[in-house]
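Protein chains in written order, with my numbering: chain C, 4 to 434; chain L, 4 to 434.
Since the hints were made in silico from the structure, they are not lab data. Wrong hints could be hidden among the right ones.
The list treats identical chains as interchangeable, and a pair is accepted whether it falls inside one copy or across any two copies.
[Claimed, not checked] With a Cα cut of at most 16 Å, we get these calculated EDC-like pairs of lysine to aspartate or glutamate:
(1) Lys-98 - Asp-281
(2) Lys-6 - Asp-195
(3) Lys-6 - Glu-220
(4) Lys-34 - Glu-296
(5) Lys-257 - Asp-225
(6) Lys-35 - Asp-338
(7) Lys-273 - Glu-406
(8) Lys-274 - Glu-91
(9) Lys-23 - Asp-292
(10) Lys-35 - Glu-220
(11) Lys-425 - Asp-235
(12) Lys-256 - Glu-244
(13) Lys-35 - Glu-120
(14) Lys-257 - Glu-351
(15) Lys-256 - Asp-292
(16) Lys-405 - Glu-259
(17) Lys-224 - Glu-244
(18) Lys-189 - Asp-403
(19) Lys-387 - Glu-363
(20) Lys-188 - Glu-114
Number of protein chains: 2
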Amino acid sequence: MNKINVGLIGFGTIGSGVVKVLQQKAKTLEKKLGLNISLAWICDLDIESTRGLDIDRNILTSDVQKILNDQNIQIVVELIGGIHPAKEFILQALKNKKFVVTANKALLAEEGAEIFEAAKANGVDVYYEASVGGAIPIIRTLREGLVADRVETVYGIINGTSNYILSQMAQKGCDFKIALREAQKKGYAESDPSLDINGGDSAHKIAILARLSFGHEVDFKDVYVEGIENIDLCDIRYAAEMGYCIKLLAIAKKSEGSVQLRVHPTLLPKKHILANVDGVSNAILLRSDFVGEQMLHGPGAGQLPTASAVVSDIISIAQKMQGSLRQDNCLVNIDPEKLKVNLIDNIETRYYFRFSALDEPAVLSQIAAILGKNNISIYSVIQKGRRQEQSVHVVMMTHDAKEKDIAQALLEINNLPVIKRKSVAIRTERI
Amino acid sequence: MNKINVGLIGFGTIGSGVVKVLQQKAKTLEKKLGLNISLAWICDLDIESTRGLDIDRNILTSDVQKILNDQNIQIVVELIGGIHPAKEFILQALKNKKFVVTANKALLAEEGAEIFEAAKANGVDVYYEASVGGAIPIIRTLREGLVADRVETVYGIINGTSNYILSQMAQKGCDFKIALREAQKKGYAESDPSLDINGGDSAHKIAILARLSFGHEVDFKDVYVEGIENIDLCDIRYAAEMGYCIKLLAIAKKSEGSVQLRVHPTLLPKKHILANVDGVSNAILLRSDFVGEQMLHGPGAGQLPTASAVVSDIISIAQKMQGSLRQDNCLVNIDPEKLKVNLIDNIETRYYFRFSALDEPAVLSQIAAILGKNNISIYSVIQKGRRQEQSVHVVMMTHDAKEKDIAQALLEINNLPVIKRKSVAIRTERI
């Protein structure tokens, strides 16, 4: 049994979790799999605090080169996050023929092509199960389970913070700010929660999934993104009345020779299986040609689930190494030609609208006229009693309509003198 | 790129699906993974009909030895099902150092120890993703994704036929026989549906999952099994009134130093995520120490999903082979000591009861007295109006009670002169 030496870069929450899992499971891994995985170095700026773990202080270093240049290190685990200097560390590790395990979704989404190219050129590989959906085995499922299938659609609830906030608003009837504060209190949201609630985190993750699902490199800038910052409690309530819930959905789907890549709040029928994914949970629904539909559901974040996914990657690499130290053969070839993404303007979707209008008889006919002129037909309407400023809420669901027609119609409607506030428009997914 | 030669034994529904998937995806596999997988032989008793596929008739044979003794065949795919002669074929293939892919749950559940031992002794391995949950990547998740976790509980809805029948009864209000006939008409149930509806198929599958989850060989006879044959529509309705649905649940869970292994109809709270798994779908919920709870959900059967899982196994083996033709190193070591299974009598569960009793004042007190004497306390009671033969239904939910106390109480209650029919008792899982 050869020893596999691991160097860990980043000793924060997830990093400490990885150390904990490796320490607790060392004997089991030896017994169950015949693997001797040794943590040779831990690199972090803070090498004083031991994070409540019993570790040999001699393996703590603040000099990352000790890991990157150590001939004995076969696997480098990068858990510092962010693009720089994570990218430089990983590229150097790959150049030195080390396998890399990372949970860095921003880096893989934005600079993945370069990273994976470097891995291939050096005959090693990058594992990243923890980058999407925490411990949900979505990367493994796409790389291995569905390897013979052509994936058609990926729907993901892949940001736990947003899902927790929307679930709280729906269940407790509280507004966005209160739900966000609650999420921060429970540790589900950072003190700066921007990337979670503005959809950026989900966009990183769906870019990673789209690359694997469709076998093309993805230009991250092609992902259309809207967050949940403007979701109002009353919209959650009106949606519920009509049998829908609102989720921050990440969508990657094939349509007419190109692909849609988008992240936005979305109305989903309450009976749909994704509508029942609540709290900090994540879920990913896949549709593929042979398997049909399947869904993976689980904790999308958290120290130990994420650490467990990192360790499962370390083990996969270690098993491969014990079989052969030659070139890794499980690389999935990705076409370097960028995925052809359909611009949001060309997409057709059903919409939920809420107009805040003066309580006057002609309001509905004025709105309906503008919608008709822009090729948007109305599926259903609810008009709600008087609100503040003498205004009423007019709530509508449309049939499928072109995004650019929607944008034009909203512009015209918002300019009507009877409209008191900016209109609310949320996409609905026929799932 | 070396050619990987595959020999297929069994050219029925799943076998034809595998041929179809391999044919359709040959070019993709070559491009995406650099694999050249060639179907060298197809063995079946019927080598006349081509199953609507365009195949070279020269690779069809009814002589299985052509596959088992062909030096060029590296992977044998067994899809004939049943214990014999599948077992003998697989053992011979392993002895000849061939990797084996199978969907044979009966064989693996009942004779798995011998099969896996032979694989290990010959430095090869057996892959069986398709044996449980069709294309749901549950085997891969347990073997790889959760490799660092200690699995505590496995809950599975893993028989599509039973789940379809129970879903139809609940949704359409039809009785068991009609739902079964509907399932047969749609091809979801065999003309002899015994193994599906009596729980035997789920028992095979949970035995396979328990072995992998807990790392011990399982004595299949230790699995307690009850089927859905006796589920009456009125019980589904009473359960619904109390906020529950009835599912055929397969359970493997650790409790006090041993393990519970059981398959039986089970009341589940309607809000639970497993309660929403309807129709022929399968779902498996896993609880483990680091990851917590996760659920995999998808089509549990069907030609193409199952074939896709078989092909994913073929590909995993082929990838491994291209890396190294030496001993396979991904064997999970299973302790040959049989899993210590808790006898059903020692288990404590909550129960749903339905008593058919004479509509007399003293009925409830007589029943309650017997339950009390046997240490069973009542959680809630509904008494339903008069039914046929002047009898009423008394429906109860209990608190946790010992199985043997339940059995004793039912025996005494069924002997009461006021009781008109055999009482109904269905377990409830606090999930």
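Verification of the supplied hints:
With identical chains, the CA atoms of Lys-98 and Asp-281 are never at most 16 Å apart, being 42 Å at best within one copy and 50 Å at best between copies. In this homomeric assembly, Lys-6 and Asp-195 never come within 16 Å of each other (Cα to Cα): the closest approach is 41 Å inside a single copy and 54 Å across copies. In this homomeric assembly, Lys-6 and Glu-220 never come within 16 Å of each other (Cα to Cα): the closest approach is 35 Å inside a single copy and 28 Å across copies. In this assembly of identical chains, Lys-34 and Glu-296 lie within 16 Å of each other by CA distance neither inside one copy nor across copies; the values are 37 Å within and 25 Å between.
In the homo-oligomer, the alpha carbons of Lys-257 and Asp-225 lie at most 16 Å apart inside one protomer (14 Å), although the nearest pairing across protomers, at 48 Å, exceeds that limit. Within a single copy, Lys-35 and Asp-338 get their C-alpha atoms only as close as 37 Å, which misses the 16 Å cut-off; across copies the closest is 9 Å, which meets it. Taking the shortest alpha-carbon separations for Lys-273 and Glu-406, neither the intra-copy value of 24 Å nor the inter-copy value of 38 Å comes in at or below 16 Å. For the identical chains of this complex, Lys-274 and Glu-91 are neighbours neither inside a copy (46 Å) nor across copies (48 Å), given an alpha-carbon limit of 16 Å.
Taking CA atoms no more than 16 Å apart as the test, Lys-23 paired with Asp-292 passes between copies only; the shortest distance there is 12 Å, against 40 Å inside one copy. Only between protomers do Lys-35 and Glu-220 lie at most 16 Å apart by alpha-carbon distance; the minimum there is 13 Å, versus 37 Å within a single protomer. Within a single copy, Lys-425 and Asp-235 get their C-alpha atoms as close as 13 Å, which meets the 16 Å cut-off; across copies the closest is 55 Å, which misses it. Proximity of Lys-256 to Glu-244 under the C-alpha cut-off of 16 Å is found in neither arrangement, the shortest distances being 28 Å within a copy and 40 Å between copies.
For the identical chains of this complex, Lys-35 and Glu-120 are inter-copy neighbours only, at 15 Å across copies versus 34 Å inside a copy, given an alpha-carbon limit of 16 Å. Only within a single protomer do Lys-257 and Glu-351 lie at most 16 Å apart by alpha-carbon distance; the minimum there is 13 Å, versus 50 Å between protomers. In this homomeric assembly, Lys-256 and Asp-292 come within 16 Å of each other (Cα to Cα) only inside a single copy, at 13 Å, whereas the closest approach across copies is 34 Å. Taking identical chains as interchangeable, the C-alpha atoms of Lys-405 and Glu-259 lie at most 16 Å apart only when both belong to the same chain, with a minimum of 15 Å there against 60 Å between chains.
With identical chains, the CA atoms of Lys-224 and Glu-244 are never at most 16 Å apart, being 36 Å at best within one copy and 51 Å at best between copies. In this homomeric assembly, Lys-189 and Asp-403 never come within 16 Å of each other (Cα to Cα): the closest approach is 39 Å inside a single copy and 33 Å across copies. Taking the closest pair of Cα atoms, Lys-387 and Glu-363 come within 16 Å of each other only inside a single copy of the chain (13 Å); across copies the shortest separation is 54 Å, beyond that limit. Within a single copy, Lys-188 and Glu-114 get their C-alpha atoms no closer than 33 Å, and across copies no closer than 52 Å, so neither meets the 16 Å cut-off.
Checked against the numbered hints given earlier, this structure breaks hints 1, 2, 3, 4, 7, 8, 12, 17, 18, 20; the rest are met.
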